[in-house]
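Residue numbers (our numbering): 11 to 448.
Honestly, the hints are just simulated from the structure, not real lab data.
For every residue, glycine included, the Cβ atom is placed at its ideal position computed from N, Cα and C.
Any given hint might turn out to be false.
What the hints assert, rightly or not - Calculated cross-link-like contacts (lysine to any residue; reagent style SDA-like; alpha-carbon spacing at most 25 angstroms): (1) Lys204 to Gln136; (2) Lys398 to Ile254; (3) Lys157 to Gln136; (4) Lys251 to Val413; (5) Lys49 to Val334.
As the list claims (entries may be wrong) - Estimated spans, in silico, between C-beta atoms of each pair: (6) Lys255 to Thr90: 18 to 26 angstroms; (7) Gln233 to Val348: 32 to 40 angstroms; (8) Thr90 to Ser427: 35 to 43 angstroms.
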Amino acid sequence: MPTITSPSRRSFLKTAAGLAVGSSLFLGGCAPAFNTGAKKTLNFWAFSDTRIAWQKKAWEMYKQQKKPDFEINWLVFPYTQMHDQVLVTSQAGSGGPDIADIEISQFSRYIKGDIIFAEMTPKLQQMGVLDQFYLPSATDPWSWKGKIYGIGNELNTCLLCYRWDIWKKAGVTTTIPTWDAFAEAARKYHTDTKNYLLDFPFNDWGYWWVMALQNKGGFFNAQGVPSLNSPENIKALQYQKNAIKEGWGTVRPIGQAYNTALDQGSISTVLGPSWNFSGFTQQSLPDTKGKWHLMPVPAWEDGGSRTATWGGTGVTVLKTSSSVEEAMDFVLFEHTSVEALLNDFNIRQVWPTYKPALNNSALNEPLAFFDNQRVGNLIKEVSPEINKWYNSPFWPETTSACVNYGLTPAIQKSDVSAEAALAEAQRQSQSIISFESA
Numbered sequence: 011m012p013t014i015t016s017p018s019r020r021s022f023l024k025t026a027a028g029l030a031v032g033s034s035l036f037l038g039g040c041a042p043a044f045n046t047g048a049k050k051t052l053n054f055w056a057f058s059d060t061r062i063a064w065q066k067k068a069w070e071m072y073k074q075q076k077k078p079d080f081e082i083n084w085l086v087f088p089y090t091q092m093h094d095q096v097l098v099t100s101q102a103g104s105g106g107p108d109i110a111d112i113e114i115s116q117f118s119r120y121i122k123g124d125i126i127f128a129e130m131t132p133k134l135q136q137m138g139v140l141d142q143f144y145l146p147s148a149t150d151p152w153s154w155k156g157k158i159y160g161i162g163n164e165l166n167t168c169l170l171c172y173r174w175d176i177w178k179k180a181g182v183t184t185t186i187p188t189w190d191a192f193a194e195a196a197r198k199y200h201t202d203t204k205n206y207l208l209d210f211p212f213n214d215w216g217y218w219w220v221m222a223l224q225n226k227g228g229f230f231n232a233q234g235v236p237s238l239n240s241p242e243n244i245k246a247l248q249y250q251k252n253a254i255k256e257g258w259g260t261v262r263p264i265g266q267a268y269n270t271a272l273d274q275g276s277i278s279t280v281l282g283p284s285w286n287f288s289g290f291t292q293q294s295l296p297d298t299k300g301k302w303h304l305m306p307v308p309a310w311e312d313g314g315s316r317t318a319t320w321g322g323t324g325v326t327v328l329k330t331s332s333s334v335e336e337a338m339d340f341v342l343f344e345h346t347s348v349e350a351l352l353n354d355f356n357i358r359q360v361w362p363t364y365k366p367a368l369n370n371s372a373l374n375e376p377l378a379f380f381d382n383q384r385v386g387n388l389i390k391e392v393s394p395e396i397n398k399w400y401n402s403p404f405w406p407e408t409t410s411a412c413v414n415y416g417l418t419p420a421i422q423k424s425d426v427s428a429e430a431a432l433a434e435a436q437r438q439s440q441s442i443i444s445f446e447s448a
C-alpha cells in the first residue's frame with residue numbers, strides 16, 4: 011500500500027520563502043507579544059470578525075473566572091494573507107500569533123514539514139473531555155497521525171433542507187429513508203412538475219463529499235493516502251450521474267441563477283450544514299422565510315448514516331508561542347464552556363461540537379425561518395451518525411484533482427463514467443504528490 015511522505019525539505023522551504031515576499035509589509039501592522047504592566051499579551055490571529063465575536067465574550071468570562079496573568083490582543087486579517095503569514099512567521103520563529111483560527115481546507119499546508127502547532131491531545135485527555143465532543147467535526151479536521159492540533163466548535167451536521175410549501179403542494183413525502191427512495195420520489199416529482207428536488211454542482215465537491223462520507227468514503231484513508239476511487243466514492247458520484255442522465259436531477263445553475271431557482275422553486279432542496287441550510291438561505295433567500303423544513307439526509311441503506319459534516323474553522327496554539335500552556339488553557343476553556351458556546355449560537359446560529367452545550371434546551375427553540383421547526387432536536391438525533399474521516403498534508407492537491415479530473419468530467423460528460431473519472435483523479439493526485447515529495 012502506498013504511504014504518504016512529507017515533501018522534500020527544499021520544496022517546503024521554497025514555498026515558505028515564496029510566501030515571505032511582502033511579509034514585512036503585512037506584519038508591519040501586527041503588534042508583537044508585549045507586556046502590559048505586569049501582564050503579558052497573547053496575540054490571537056483570525057480572518058473573520060463575526061467568527062471571533064463569541065471568543066471575545068468567552069475571554070471576558072475566562073478573565074472573570076480564572077483571573078489570568080495575561081491579556082489577548084485580537085487581530086483580524088484577510089483570509090489568504092493570515093493563513094500565509096501563520097506559516098511564514100512559524101518558520102521565522104517570531105512575529106506570529108500565539109493562537110490562530112485555521113480554516114479546515116488550510117490545515118494541510120501546516121503539516122507538510124515540521125508541525126507548527128502544539129498538540130492538544132494530552133491536555134484534552136487530562137481534562138477527560140474527549141468523549142464529550144463530536145470528534146469528526148471538533149478534531150478530525152485538525153488532526154494528523156492520531157494527534158490533535160486544533161479544535162472547532164462548529165458541529166456542521168448536514169441535513170436536507172426542503173421547501174415544505176412546494177413539497178406539500180406536489181404531494182412529496184417527507185419520510186425518505188434512503189437515497190433510492192429519494193430517487194423514486196424525485197422521478198415522480200419531475201414527471202408531475204418538470205422541476206427538480208435536488209441539483210448537483212459540477213465545479214465543487216460539497217454535495218459529493220456529503221454523500222461519500224455518509225458511506226464511509228472521503229478523500230483519504232487512515233494513512234493520509236488519497237482514496238478518490240474507492241467504491242464508496244464511486245457510488246456517490248454514480249448516483250449523481252444517474253440522476254442527471256435519468257432527468258430527475260439537474261446540474262447546478264451558475265451564480266445568481268442558482269438563487270433564483272431556489273427562490274422560485276424550480277429546485278427545492280438544499281443539502282449541507284447550518285452555514286448552508288441556515289446561513290446561505292437566510293442571507294440569499296430572505297423572501298422564503300417560513301417555507302423551509304429540515305429532515306435527515308437519506309441514508310444509503312436502512313440503518314446507515316443520515317448525515318455528514320462539512321466545513322469548519324478550528325483554533326490552534328502555535329509552538330512558537332512563549333505561552334503555550336496559557337494559550338491552550340483558554341482555547342480549551344472556551345470550547346468546553348456551555349455559556350460561551352451558547353453565545354455563538356445566539357450570534358451565528360452555530361450548533362456546538364461539545365455535547366453538554368448541544369444538549370442545552372436553548373438550542374432547540376422554534377426557529378421562525380424554518381416554520382418554527384425545532385431544529386436542535388433533529389441535529390442531536392443524527393449527529394452521532396457522523397462518520398470519522400481523515401486529513402492529509404495533500405488536501406489541496408487531492409481536492410483539486412477530485413474536482414478537475416473526477417467530478418466535473420463525470421457530471422458534464424455523459425460518456426465519462428464515475429469509475430473512470432475518479433480513477434483518473436486518483437492518478438493525477440498521486441502524480442502531484444509524488445512530484446512534490448521527490
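Q) Regarding Lys255 and Thr90, is the given constraint of 18 to 26 angstroms on their beta-carbon distance met? A) Roughly 38 angstroms apart at Cβ, these two residues miss the hinted range, so it is violated.
Q. Is the hinted pair Lys49 and Val334 satisfied, with a Cα-Cα distance of at most 25 angstroms?
A. It holds: about 15 angstroms lies between the C-alpha atoms, which stays within 25 angstroms.
Q: Take a quick look at whether Lys398 and Ile254 sit within 25 angstroms of each other, Cα to Cα.
A: violated, 29 angstroms
Q: May I ask you to test the hint 35 to 43 angstroms on the CB atoms belonging to Thr90 and Ser427?
A: Between Thr90 and Ser427, where Cβ atoms are some 36 angstroms apart, the hint holds.
Q) Are Lys157 and Gln136 close enough, with their CA atoms no more than 25 angstroms apart? A) holds, 14 angstroms
Q. Are the Cα atoms of Lys204 and Gln136 separated by 25 angstroms or less?
A. violated, 58 angstroms
**Q.** Pair hint outcome, Lys251 versus Val413 [Cα-Cα no greater than 25 angstroms]
**A.** Status holds; Cα separation ~14 angstroms.
Q) That 32 to 40 angstroms hint for Gln233 and Val348 (C-beta), does it hold up? A) holds, 36 angstroms
The earlier numbered hints that this structure contradicts are 1, 2, 6.
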